[in-house]
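*Asks:* One-letter residues, chain by chain:
2 protein chains.
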Amino acid sequence: MLVLTLGISVFGLVCAFFLARFVMQEGTGTDSMRAIADAIKEGAEAFLRRQYKTIGILSIIVALLIYSLYTFAKGDSDQAWRTTVAFLFGAFCSALAGYIGMYISIRANIRTASAVRTSMDRALKISFRGGAVSGITIVALSLLGIALLFLLYGGQTEPEKVPFLIVGYGFGASFVALFAQLGGGIYTKAADVGADLVGKVEAGIPEDDPRNPAVIADLVGDNVGDCAGRGADLFESTAAENIGAMILGVALFKYFGVAGILFPLVARALGLLASLVGIYSVRTDENSDPMHALNRGYFITSVLAAIGLYFATQYLLVINEGGIVNSTPANWLFGAGLIGIATSILFVYITQYYTEYHYRPVRAIATASQTGSATSIITGLAVAFECTALPVLVISVAILGSYYCGVYAFTGLDLRPASAGLYGIATATMGMLATCAYILAMDTFGPITDNAGGIAEMSQQPEAVRVKTDRLDSVGNTTKALTKGYAIGSAALAAFLLFSAYLDEVAILTGRPFDSVDIAKPEVFVGGLLGAMLIFLFSGLAIRAVGRAAYYVINEVRAQFKENPGILEGKVKPDYAQCVDIVTRGALKEMILPGFIAVAMPIGVGLIFRSLGVGAESVAAFLMVGTISGILLATFMNNGGGAWDNAKKFIETGQFGGKQSEAHKAAVVGDTVGDPLKDTAGPSLHVLIKLLSTLTLVLAPLFI
Amino acid sequence: MLVLTLGISVFGLVCAFFLARFVMQEGTGTDSMRAIADAIKEGAEAFLRRQYKTIGILSIIVALLIYSLYTFAKGDSDQAWRTTVAFLFGAFCSALAGYIGMYISIRANIRTASAVRTSMDRALKISFRGGAVSGITIVALSLLGIALLFLLYGGQTEPEKVPFLIVGYGFGASFVALFAQLGGGIYTKAADVGADLVGKVEAGIPEDDPRNPAVIADLVGDNVGDCAGRGADLFESTAAENIGAMILGVALFKYFGVAGILFPLVARALGLLASLVGIYSVRTDENSDPMHALNRGYFITSVLAAIGLYFATQYLLVINEGGIVNSTPANWLFGAGLIGIATSILFVYITQYYTEYHYRPVRAIATASQTGSATSIITGLAVAFECTALPVLVISVAILGSYYCGVYAFTGLDLRPASAGLYGIATATMGMLATCAYILAMDTFGPITDNAGGIAEMSQQPEAVRVKTDRLDSVGNTTKALTKGYAIGSAALAAFLLFSAYLDEVAILTGRPFDSVDIAKPEVFVGGLLGAMLIFLFSGLAIRAVGRAAYYVINEVRAQFKENPGILEGKVKPDYAQCVDIVTRGALKEMILPGFIAVAMPIGVGLIFRSLGVGAESVAAFLMVGTISGILLATFMNNGGGAWDNAKKFIETGQFGGKQSEAHKAAVVGDTVGDPLKDTAGPSLHVLIKLLSTLTLVLAPLFI
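Line by line, the protein sequences are chains A and B.
Just so it is clear: in the first sequence, position 461 is 461 by this note's numbering, and no numbers are missing.
Just so it is clear: in the second sequence, position 617 is 617 by this note's numbering, and no numbers are missing.
Wrong hints could be hidden among the right ones.
The list treats identical chains as interchangeable, and a pair is accepted whether it falls inside one copy or across any two copies.
List time: in silico DMTMM-like cross-link candidates among lysine to aspartate or glutamate, alpha-carbon distance up to 20 Å [stated by the list, open to error]:
#1 K562 with D515
#2 K659 with E207
#3 K665 with E202
In short, the hints are calculated from the structure, not lab data.
Full structure from sequences and hints, please.
*Replies:* Written out as C-alpha cells, the structure reads:
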C-alpha cells in the first residue's frame with residue numbers, strides 16, 4: 001500500500017511536469033505582452049522570496065520551541081527530533097508546493113493571453129493545465145511527504161505509534177499556510193483596493209489601465225494570494241486530514257491492521273488519479289461557456305473518485321475472521337465516503353447559488369444598489385449572514401450521517417461506538433477531499449485567467465480578444481468562489497477528525513482516558529468563549545492589516561500622479577516596481593501581528609488553564625468553539641464578498657443602468673468592502689482553524 | 001424577606017409615579033411644538049397598540065402549546081397551569097412595563113424641548129427622570145411579579161420547588177421582548193434609513209427637517225425601538241436572571257434555607273433603592289457637560305449598590321452551625337458581587353473607548369472616511385471585529401473569578417464545588433445588575449433627548465436652543481451605546497446561571513444527574529454548530545427585514561415628493577401619518593419570520609436530537625455555543641454601529657472638512673450601514689440569547 005501511494009504520488013509529479021512542459025511550450029505573444037508579464041513575474045518572485053525568508057526565520061524559531069518543549073517538558077529526545085524534523089519537512093514541502101504552483105501560474109498567464117487570440121480551447125487548456133500543475137503538485141507532495149515520514153519513522157514495524165510522530169508535518173504545513181495566506185491575502189487586497197481607489201474612483205481610469213502605477217502590483221497579488229496562498233491552505237488541509245484519519249485508524253488496528261492506518265493515503269492517491277483523468281478531459285470549443293467544460297471534468301472526477309473509493313474500501317476495510325471475509329465495514333464506510341463526495345458537490349452548488357448573479361441573493365444586492373452604497377452593503381450583509389445556514393445544515397447532516405455509517409459498520413464488534421463513528425467521519429472526509437487536486441486546478445485557473453485578462457488589457461489587444469479573456473476571467477471568478485466554499489466545507493468536516501486526534505493524543509500522554517469536553521464547566525466554557533473571540537479578533541486584525549497596507553499604496557499612487565502629470569496623460573510610464581516594493585514590504589510587516597496572535601493565544605490559554613487544572617479540556621473547547629465560529633465567519637466573509645463582487649458584475653452586464661450608473665458606483669463600494677473579507681480574512685480563517693488543530697496536537701504536552 | 005422585596009418594589013413604583021408626575025407638571029412649550037409632539041405620540045401609541053395585538057395573539061398560541069406540552073407530554077396538569085399562568089403573567093408584565101415607559105417618554109420629549117429654552121438643569125432633570133420612570137418601573141415590576149408568583153405558588157411551604165414553577169414568567173418576558181425588540185428595532189431603523197436616504201441623500205434636506213414625510217416616523221421609531229424595545233429586553237434580563245439565581249439557591253437550601261433562594265430578590269431590591277438615590281442626585285448647571293452629571297449619579301449608585309450587597313450577603317448568606325455563625329460564605333460571595341459591579345463599570349468604559357470619538361477606534365474610521373465610503377466601512381468592520389476582544393476577556397475573568405469565589409465560599413462544606421461555584425457566578429450577576437434601574441434610566445434618556453432635539457428642529461427654535469438639545473442628544477447617544485454594552489455583558493455573565501438552571505431542570509425531570517455537556521460527541525457538537533448558525537441566520541433575517549421595511553418608506557417618500565412638489569418647497573405639509581402607518585405595517589409584517597425561526601429552531605433541534613437519544617445534551621450545546629456566538633456578534637454589531645455613528649459626528653465637529661465634505665458623505669454611508677446592526681439585529685440578539693435560555697428551561701420536557 002505504501003508503494004502504491006508513493007508510486008501514485010511520483011506519477012502525479014511526473015504528470016505535473018508534463019503538464020508544465022505543455023504550458024511552457026506555448027508561445028508568449030507580442031513584445032508588449034512579454035514586458036507586462038515579465039514585470040508580474042519579477043514582482044511575484046520578489047515577494048515570494050522575501051515572504052519565504054520571513055516565514056523561514058519564524059519556522060526555525062518555532063522548530064526550536066518544539067524541540068525544547070519535547071526535550072525538557074516531556075523528556076523525550078527521540079520524539080523531540082522526530083517532531084521537529086517533521087515540522088520543518090512539512091513547512092518545506094508546503095513552501096515548495098506553493099512555489100512550484102506560482103512558478104507555472106506566472107508563466108501560464110501570458111501564454112493564455114497569447115493563445116486566446118487564436119483558439120479558445122487552447123487558451124482554456126493552457127490556463128487550466130497551468131492551474132492543474134499547482135493542484136497536482138500540492139496533493140502529490142503532501143502524500144509523498146507523509147508516506148516518506150511514515151516509512152522513515154518505522155511505520156512498518158510500529159504502525160500504531162508512527163501517526164502520532166508525524167503530526168509535526170501537519171503543523172509545519174499549517175504554520176507556513178497561515179503566513180502564506182495572510183501575507184498573500186494582505187498583498188493582493190492592499191494592491192487591489194489601493195489601485196481601485198485612486199485609479200478608478202479618484203482618477204477615473206478603467207481597471208487594469210497601464211497608467212495606474214499599482215496595476216502590476218494588483219496582478220502580482222492575484223498570484224501570491226489566490227495561487228500561492230490558497231495552495232498552501234489546501235496543502236495543509238490534505239496533510240492535516242490525512243494525519244488525523246491515520247490516528248483514528250490506529251484505534252481500528254486490531255480489525256484492519258496497517259490497512260486501516262494507510263487507507264486514507266490510498267484513498268487520496270486514487271482520488272489524485274481520478275483528478276488526473278478529469279483534468280486531461282477538459283476541452284471546449286470556440287463559443288460555448290468554458291464553465292461547462294470545467295463542470296464536466298469535475299463530474300468525471302467525482303464519479304471516478306467514487307469508484308476508486310469503492311475499491312479502496314473493499315480491499316482495505318474488510319475484516320478477515322478466520323478465513324471468512326466480513327465486508328460489512330467496507331460497505332458502510334463506502335457509504336460514508338459517498339456522503340463526503342455528495343457534501344463536496346452540494347457545497348459547490350450552494351456556493352454558486354449565493355455568489356452567482358443568476359440567483360436571488362446577488363440580484364437582491366444589485367437591486368439595492370439603486371438606492372446607494374449604504375443599502376447595497378446592508379443587503380450584502382444580510383445575504384452574508386443568511387448564507388451560513390445551508391452549508392451548516394449540509395455539514396451537520398454529513399457529520400451525523402457518516403458518524404452513523406461508522407457506527408453501523410462495526411456493530412456487533414468489540415469496539416467503542418465513538419471510535420467507529422469517528423472513522424466514518426474520517427472516511428467521509430477522504431471522500432470529500434478525493435477531488436481536491438481537480439478543485440485546486442480550478443482555483444489556480446482563476447488567477448491565471450485574471451492575469452491573462454490584465455495582460456490583454458494592458459497590451460491593448462483588440463476588443464474581440466478582450467471579450468474572450470473576460471469570459472475566461474469571469475469563469476475564474478466563479479471557480480475561485482467555489483474553492484473557498486469547498487475549503488471551508490472540508491475544514492468543517494475534518495475538524496472532528498482533528499479534535500479526536502487531539503483527545504487521543506492527550507489520553508496517550510496522560511495515560512488516562514480523555515474523551516469528554518464538558519462545556520458545562522466554567523473553565524471549559526470560558527475556553528470556548530476565548531476560542532470564538534480569537535476568530536473575531538484575528539478577522540479584525542487581518543482586515544485592519546489590509547487597510548493599512550492599502551494606505552501605503554494609495555499614498556504612493558497619489559504621489560506618482562502628482563509628481564509626474566504625464567502618467568495620467570499616458571505619455572510617461574509609471575514606476576510599477578516602486579508600488580510592488582511598497583506592497584511587498586507593507587504586506588510582510590502587517591501579517592506579523594495577526595499571525596502572532598493566532599499562534600500565541602491558544603498557547604496562552606492552554607498555559608493559564610493548565611494552572612487551573614483543566615488545560616487540555618479548555619484547549620479542546622477553545623479549538624472546537626473556535627472552529628465553529630471560524631466556519632460561520634469564513635462562510636459569511638467568502639460568500640458575502642463573492643456576492644458583492646458579482647452584484648457589481650451583474651450591473652456591468654447592463655442591468656440598472658450598467659457601467660457608469662449610480663447603481664454601479666454603489667456596487668463598486670460593496671465590491672471593495674467585500675474584497676478584504678473574501679480574499680484576506682475569510683481564507684485566512686480556513687487556515688487558522690486548521691492551524692489551531694495541528695498546533696494543539698503538537699503542543700499538547702504543554703497543556704497537561 | 002419577601003415583604004422587604006415586595007415593599008421596595010411597591011416603593012419603587014410609587015417613586016416612579018412621583019417622577020412621572022414631576023415630568024407631567026412641566027410646560028409643553030409652543031403650539032407648533034405641541035403639534036409635532038402630538039403626532040409622535042399618536043404614531044407611537046398606534047404602533048404599540050397594533051404590536052401588542054400581534055404579540056398578544058402569538059403569546060396565547062404559545063401559552064396553549066405550553067399547557068398541552070405539560071399536560072400531555074409530562075402528564076402534570078398542576079404544573080401545566082402554573083407554568084402557563086406564569087408565562088402569560090410574565091408576558092403581561094413585560095408589555096405593561098414597556099407601555100408605561102413609553103407613555104412617559106413620549107410626553108417627556110416635548111417638556112424637555114420646552115424646558116431647554118430656559119434651563120439646562122431643568123431639561124436634564126425632565127429627560128433623565130422621564131427615563132427613570134421607565135427604568136424603575138421595569139425593575140420594580142419584574143421583582144414584584146416574581147415575588148408575587150413565589151408567594152402564590154406556595155414558596156413559603158415548598159421553597160425548593162417553586163423556583164422551577166415560575167420559569168414560565170421568564171419565558172413570557174423573553175417572548176414579548178423578542179418581538180418588542182425586533183418590531184421596534186425594525187420600525188426605528190426602517191424609518192431612519194428611509195428618511196435619511198430620500199431626505200438627506202436624494203433631496204438634500206437636513207436631518208429632522210419638517211419637509212421630510214418620514215420625519216415623524218423616524219422620531220416615533222426612537223421611542224418604540226430604544227425605549228419600549230430595550231425596556232422589554234432588560235425586563236426579561238432581570239426576570240430571567242433572578243429566576244436562574246433562585247434555582248441555584250435551591251442547591252444551597254441546606255445551608256441558607258430560603259434565604260439563599262430569596263437572596264437574588266433582596267439584592268435586586270437593594271440595588272433598586274441605590275438606583276433611586278442615584279437618580280435623584282442627578283443635577284447640572286448651564287454650561288457643564290451633562291455626561292458628568294450622569295456619570296456622578298452612576299458612581300453614587302454603584303457605591304450604594306456595593307454597600308447594599310454587603311449587608312445582603314452578611315445577613316442572608318451566613319451559615320448558622322449550632323449557634324456559631326460562619327460568615328466565610330458571606331465574605332467570599334460579597335467578593336463575587338463586587339466582581340459583578342466591577343464588570344459593569346468596565347463594560348461601560350470599554351464601550352466608551354470603542355464608540356466615543358475621543359479615542360483611537362472612532363478616529364481611525366473618521367480618518368479612513370477621507371478616502372471614501374469603502375475604506376470607511378472596511379475600517380469600521382475591523383474595529384467591530386476587534387472590539388469583541390476586551391469584553392470577552394473581562395467576562396472570562398469575571399466568570400472564573402466569581403466561580404472561584406463561590407468555590408472558596410463553601411470550602412470544607414459538604415457541597416459539590418460546581419453548585420458552590422455557580423452560586424458565586426449568580427452573586428456576581430446580582431452585583432452587575434444591581435445598577436440596572438439607573439442604567440435603564442440613562443438608556444431611555446436617549447430617545448427622549450433625541451425626540452426633544454427633533455421637536456426643537458422641526459418647530460424652528462432659535463439656534464441657541466438647538467445647540468443645547470444637540471448637546472443633550474449627543475449625551476443620549478453615548479448612554480444608549482453604554483446600555484447595549486451593559487445588556488450584553490450581563491447577558492453573558494447570566495448565561496451560565498441559566499445553563500445550569502437548565503441542567504438542574506433536566507436532572508429533576510429525568511431523575512438522573514445531568515451535569516455534563518460533552519461537545520466531543522458528534523451529536524452535541526452539531527447541536528452547538530446549529531446554535532451558532534441560528535445566531536447568524538437570525539441576524540441576516542433581521543437586517544433583511546429592515547431593508548425591506550425601509551424600501552416601503554423610500555417608495556412612499558419619493559411618491560409624496562413627486563405627487564406634491566410643494567412639499568420640498570416648504571409650502572405644503574407632507575402626510576406624516578401615511579408614513580407612520582406604512583412603517584407600522586411593514587415592521588409588524590417583517591418581524592414575524594425572524595421571530596418564528598428564533599422560537600422554532602431550538603424546538604426543532606431538540607426534537608430531532610431526541611430521536612437520536614441526545615436531545616437534552618444537544619440542546620444544551622445549542623444554547624451554550626449559540627450564546628457564545630450571540631455575545632460576540634452582538635458586541636460586533638453594537639460597537640461597530642456606534643463607532644460608525646460617532647465617526648460621522650466627529651467629522652461634523654469640523655474635522656476632515658466637516659459637514660458637506662466628501663469625508664462626511666462617506667461617514668454617512670458608514671452610519672447608515674451601522675444603523676440596522678446596532679439598533680435592530682444587535683439588540684435583538686441580546687433578547688434572543690436569553691430567549692433561548694428561558695425557552696429551553698420551559699420546554700425541557702419536550703427534549704427528553
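*Asks:* Could you run down the list of hints and mark each one as holding or not?
*Replies:* Right, here's what the structure says about each hint:
1. In this assembly of identical chains, K562 and D515 lie within 20 Å of each other by CA distance neither inside one copy nor across copies; the values are 64 Å within and 68 Å between.
2. Taking the shortest alpha-carbon separations for K659 and E207, only the intra-copy value of 12 Å comes in at or below 20 Å, while the best inter-copy value is 31 Å.
3. In this homomeric assembly, K665 and E202 come within 20 Å of each other (Cα to Cα) both inside a single copy, at 12 Å, and across copies, at 15 Å.
Checked against the numbered hints given earlier, the structure breaks only hint 1 and satisfies all the rest.
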